[in-house]
Each structure stands twice: as structure tokens, then as C-alpha cells.
Amino acid sequence: MPSPPKLQTSYDAPPPVVPSDSAHSTGHDSALDVSSEPPHVGAGPAATALELDDAAADDAYSTTDSGYDADSLIGDDTQSLTSYITNYVYENGRQYHSYRAGSYWGPNDDHANELQDLAHHMYLITLNGRLHLAPIESTAKILDAGTGTGIWAIDMADKYPAAHVTGVDLSAIQPAFVPPNCTFEIDDVTLPWTYPADHFDFIHVRELFGCIPDWDAFLAECFAHTAPGGWIEVVEHSVEPVSRDETVGPGHFFAEWGRTVVSCGEAFGKTFLIWREAKERLLKAGYVDVAEVRYEWPMNGWSKEPRMKELGKWNQLRLHDGIEGFMLRLLTGPGGKSYESAQVFLAQMRHALRDTSSHGYLPGTVVYGRKPTL
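Residues in the sequence shown are numbered from 1425 upward in steps of one, following the numbering used here.
Some hints here could point you the wrong way.
[Claimed, not checked] In silico EDC-like pairs for lysine to aspartate or glutamate, Cα to Cα no more than 20 Å straight-line:
{"#": "1", "residue 1": "Lys-1703", "residue 2": "Glu-1645"}
{"#": "2", "residue 1": "Lys-1737", "residue 2": "Asp-1779"}
{"#": "3", "residue 1": "Lys-1737", "residue 2": "Asp-1582"}
{"#": "4", "residue 1": "Lys-1708", "residue 2": "Asp-1779"}
Just so you know, the hints here were simulated from the structure itself, not pulled from any lab data.
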């Protein structure tokens, strides 16, 4: 297999630029050298029938451009489609998913969704416009597990018009009008899957840290449903900022932040450390030709290297505006804090993010592997 891409690990020289291959690329240079309507709930992991009368179905699904289909199944309970779309859970002024409520720590309100799309933009910069690093050949069937707003799945459907791209998520927050070869399902990827065995040519997993109670079981499902010769790619980053120059030491607030997030994840029963475990776990699941590519996101614009500075500014914005969504449920739930003390903790993080004398960054990994051919 091809050698994994080489990454830039210092900030004194910009990496070479490779052409963008994303239909929705923003055109920004990479920091690395790497040479609404309800979605369908279908045959994916543990699916449940949704009821919709014929007239409503005709009104809601009258266009062939829609990525949604009302004839589908979720979990074990038959419920109305409306309840899954509108009966959200509200905590401390934030909106959360209702299907399997409480199993995911992040809100699904408009502000949180905008920040998910911002993260997609950051990954495009990081991978120099590429939507994946795995050297996929067949793209007939692609799965985006934990699709969020669906932006990656939509970009992949545009890039590979002959493929069928399926995005699965707990929240019905994806757009109604999508490429004809893209569909979305509401489901929980941590439940047993009901897709056919050896079904997908490529499975994409991104930012499911703190979401999976048993990564080995989840990756076993991925392996069972990857076609022989097909690929999986897991893209994750750390929640523990570090530095090379000791400006982020054990007493820095960034260190306290990292320890708090990791401990909350442990109490929640879902690790935030998968970024450094993914390679070993893919090998354990049975994948071969497993490669790990590392990247870094500065905590703000401290870097002098233009691409890293840009990434840092975007990361600062994402965290400054998004830490309440990232952490409020965890802090006031498994973290045991009151709402008021949680807000104080979040304010301390916002203050730390504005300090460019601290050269913190979040390390991350892109890990991909192939299922052996028969």
C-alpha cells in the first residue's frame, strides 16, 4: 500500500500545497503536507418504523432531491416522525437530541450545528482540501458514521457521483435537499447493525470521541460491514492541549481543562482518548495496512506559520464559542458541577484561549486501514 502522507511537525516553513479534491473546498491552504426535514431511518444499526400519514408524506417528500425517506425504522419503538424531529430535550437553555436521549453530550441547536460545519472547514484546511486520506478505490457504498450536519457526506456524494453515501446520526439536523446519491438515517451506531455483511466500500468516522461506550465492539461492527478490500478511516483529536516549549505546563488552565474533559468522559462511560488508540484498535478489529497520520491544531493564532496561524484562529473561534456546548452537559452531569460553577469553569477556558503567549495545540490523528480480501 502507499506510504502514509508526511505531516508538517514544525512551524518554521509552510508545507507544499497539494490540489484540493473537495467539491466544497474553501480554497484555504493546508497546514499539513499530505502528498428542516427529517432524515431516513433505515436498514442501519438497529432500525424502528416511523409513522407518517399519506398526505403528510406526500407533502414532506414530494421532491426527488430530498435525502429523506419516511418508510424506515428506528430502535424498537414505533413512534411518530414528528416526535423525533420536534420533541427535543432542553437542558440549561440548550437543545439536545430526543432519540436515545442523553447518549450524546453535545447539543444539536443551530449554534452547535454551525460549529460542526466550522470543524469541517478546519479539516479541509488540515488535509489540504482532501475529504479523506485512505487510498480508496471502490466507492460504490460509503457510510459516514456520526454524520452530524451531513456536510462531509454531502461533499463525498458530490465528489463521487457514482457512489451512494449514507450518513447516520442521532439527530435529524441534516438538510433536506442533498445530492441524489446521498441519504441520511436517524440511528445509533453503537447498537447492533442490520446492514448486510461486507456492505460498505468505505466507512468514515470523525469526532466520535466521548460517544462510543465500547470502541472494540463498534469497530467490530465496522469490520463486519466493510467489504473485503474496503477501507475505514477514523479522524479524531485530543482534548488535552500540550506545548513543545513548556508554555502549557501541569499548572496551566489548559492542563486542568484536559484532565476535566477526560475524567468527565470516564464518568460518562465514553472515552475521549480514542485519537491515540485508534491505530491499535483498528489492528485488533482485523484491519490491515493500517496507517496513522498526525496533525496539530493550535489553540489560537500564536503560530508564525501562516497556515497554522489560520488553523489556530479558527480553532480559537470554535472553542471560544463552542465550549458551553462541548462541556455543559458533561460538567453538570457526570462532572458534578452546578450550572453556575460550570459557567465559571467555561469562562476560565475562554480567558486562556485569548492568551497567545501560551503555545498550546491539540494533537490529532487520521488512522485508516483496509479489510483483507477473501
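Task: Hints that the structure is at odds with (numbers, increasing) - done: Of the numbered hints, 3, 4 do not hold.
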